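What follows is each chain in one-letter form.
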Amino acid sequence: GNSVTQMEGPVTLSEEAFLTINCTYTATGYPSLFWYVQYPGEGLQLLLKATKADDKGSNKGFEATYRKETTSFHLEKGSVQVSDSAVYFCALIGNNNDMRFGAGTRLTVKP
Amino acid sequence: DTEVTQTPKHLVMGMTNKKSLKCEQHMGHRAMYWYKQKAKKPPELMFVYSYEKLSINESVPSRFSPECPNSSLLNLHLHALQPEDSALYLCASSLRPPGQGSNQPQHFGDGTRLSIL
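Read top to bottom, the protein sequences are chains A and B.
First residue of the first sequence: 5, per my numbering; consecutive thereafter.
First residue of the second sequence: 23, per my numbering; consecutive thereafter.
Simulated from the structure, these hints should not be mistaken for laboratory data.
Treat the numbers as computed from the prediction; the structure is a model and nothing was measured.
The C-beta atom is built at its ideal place from N, Cα and C for all residues, glycine as well.
Careful: at least some of the hints might be erroneous.
[What the hints assert, rightly or not] Output of the computed footprint for chain B on chain A, the stretches with three or more beta carbons under 8 Å from beta carbons of chain B:
hint: 1; stretch: 34-40
hint: 2; stretch: 47-55
hint: 3; stretch: 106-112
[Claimed, not checked] Derived pair list, reagent style DMTMM-like, types lysine to aspartate or glutamate, alpha-carbon separation capped at 20 Å:
hint: 4; chain 1: B; residue 1: K63; chain 2: A; residue 2: E46
hint: 5; chain 1: B; residue 1: K63; chain 2: A; residue 2: E12
hint: 6; chain 1: B; residue 1: K60; chain 2: A; residue 2: E12
hint: 7; chain 1: B; residue 1: K44; chain 2: B; residue 2: D107
hint: 8; chain 1: B; residue 1: K62; chain 2: A; residue 2: D88
hint: 9; chain 1: A; residue 1: K64; chain 2: B; residue 2: E25
hint: 10; chain 1: B; residue 1: K58; chain 2: A; residue 2: D102
hint: 11; chain 1: B; residue 1: K31; chain 2: A; residue 2: E46
hint: 12; chain 1: B; residue 1: K41; chain 2: B; residue 2: D107
hint: 13; chain 1: A; residue 1: K72; chain 2: A; residue 2: D59
hint: 14; chain 1: B; residue 1: K62; chain 2: B; residue 2: E106
hint: 15; chain 1: B; residue 1: K58; chain 2: A; residue 2: E46
hint: 16; chain 1: A; residue 1: K64; chain 2: A; residue 2: E46
hint: 17; chain 1: B; residue 1: K62; chain 2: A; residue 2: E12
hint: 18; chain 1: A; residue 1: K81; chain 2: A; residue 2: D59
hint: 19; chain 1: B; residue 1: K58; chain 2: B; residue 2: E80
hint: 20; chain 1: B; residue 1: K62; chain 2: A; residue 2: E46
hint: 21; chain 1: B; residue 1: K58; chain 2: B; residue 2: E89
Chain A extracted, bound-state conformation (with noise of 0.2 Å):
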């Protein structure tokens, strides 16, 4: 069936660092695929998405490309600031028309 598969965190950056967090993916066929962000005594909010290969979502600072080759949406952010700190959860919609979200990771920006 299909899946994905996010670092695990947590990760821990100063403020301005750069953040990778790598996504990777298994499915059949054409998946969507997307980002969400947890801020904490939230709901899942959508960050970013991509709907077919070489697509690049972006907002707020992130991006991410969709690789088909690779299988990966790895989501990246130049310079984080505090308020970026969050659990952030990386997503498909497969063929089978299910979302399949990965378990997390909880990104902590220190001043």
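Based on the hints, put chain B in the right spot on chain A.
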């Protein structure tokens, strides 16, 4: 601000109580979802409603009873819950149900944090 509204935000109940969680969206979405999220874990799908009809039940115990009165509202009725049911319950919606057109992202509410005494 989330476009999916869940009430209450917090709920504490005993194992013999009956309570309901409510979810509302006015985005014209025709699919609605209930998820359960334990601490430090991703959300787990419980139910999917497509065009107000239950389309997926992920083998959820009968002490959880979903209801979709209309296209904007989704309820989750709770009865005789167990301590292990304590979790964050998330509602989500998407423009179209899975399998109908392109894969639509799901929009989540802020959840109801449920504690069973």
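Each hint tested on the structure:
1. For the stretch 34-40 of chain A, the assignment as covered by chain B holds, since 4 residues bring a beta-carbon within under 8 Å of that chain's beta-carbons and 3 suffice.
2. With 6 residues having a Cβ less than 8 Å from any Cβ of chain B, the stretch 47-55 of chain A passes the three-residue criterion, so the hint holds.
3. Beta-carbon proximity to chain B at under 8 Å applies to 4 residues in the stretch 106-112 of chain A; the threshold of 3 is reached and the given coverage holds.
4. A hinted pair counts as satisfied when its Cα atoms are at most 20 Å apart, and B/K63 with A/E46 qualifies at roughly 14 Å.
5. For the hint linking B/K63 to A/E12, the alpha-carbon distance of about 12 Å falls within 20 Å, and the restraint holds.
6. About 17 Å separates the Cα atoms of B/K60 and A/E12, which keeps this hinted pair within 20 Å; it holds.
7. Between the alpha carbons of B/K44 and B/D107 the distance comes to roughly 17 Å, so the proposed pair stays at or under 20 Å and holds.
8. Restraint check for B/K62 and A/D88: satisfied, since their Cα atoms lie roughly 17 Å apart, inside the 20 Å limit.
9. For the proposed pair A/K64 and B/E25, the alpha carbon gap of about 19 Å is at most 20 Å, so the pair holds.
10. This hinted pair checks out: B/K58 and A/D102 have alpha carbons roughly 15 Å apart, not beyond 20 Å.
11. Distance restraint check for B/K31 and A/E46: the Cα-Cα separation of roughly 10 Å lies within the 20 Å cut-off, and the hinted pair is therefore satisfied.
12. In summary, the hint linking B/K41 to B/D107 is supported, as the alpha carbons are separated by about 13 Å, within the 20 Å threshold.
13. The suggested pairing of A/K72 with A/D59 holds, with an alpha-carbon distance near 10 Å, which does not exceed 20 Å.
14. A threshold of 20 Å between alpha carbons decides the hint, and for B/K62 with B/E106 the separation of about 15 Å falls inside it, so the pair holds.
15. With a C-alpha separation of about 14 Å, the suggested pair B/K58 and A/E46 falls inside the 20 Å cut-off, and the hint holds.
16. Of the supplied pair hints, the one linking A/K64 and A/E46 holds, its CA atoms being roughly 18 Å apart against a limit of 20 Å.
17. Under the criterion of a C-alpha separation no larger than 20 Å, the hint pairing B/K62 with A/E12 is consistent with the structure, at around 11 Å.
18. Under the criterion of a C-alpha separation no larger than 20 Å, the hint pairing A/K81 with A/D59 is consistent with the structure, at around 17 Å.
19. A threshold of 20 Å between alpha carbons decides the hint, and for B/K58 with B/E80 the separation of about 11 Å falls inside it, so the pair holds.
20. The straight-line distance between the Cα atoms of B/K62 and A/E46 is roughly 13 Å, inside the 20 Å bound, and the hint therefore holds.
21. Only pairs whose Cα atoms come within 20 Å are accepted, and B/K58 paired with B/E89 is accepted, the gap being roughly 16 Å.
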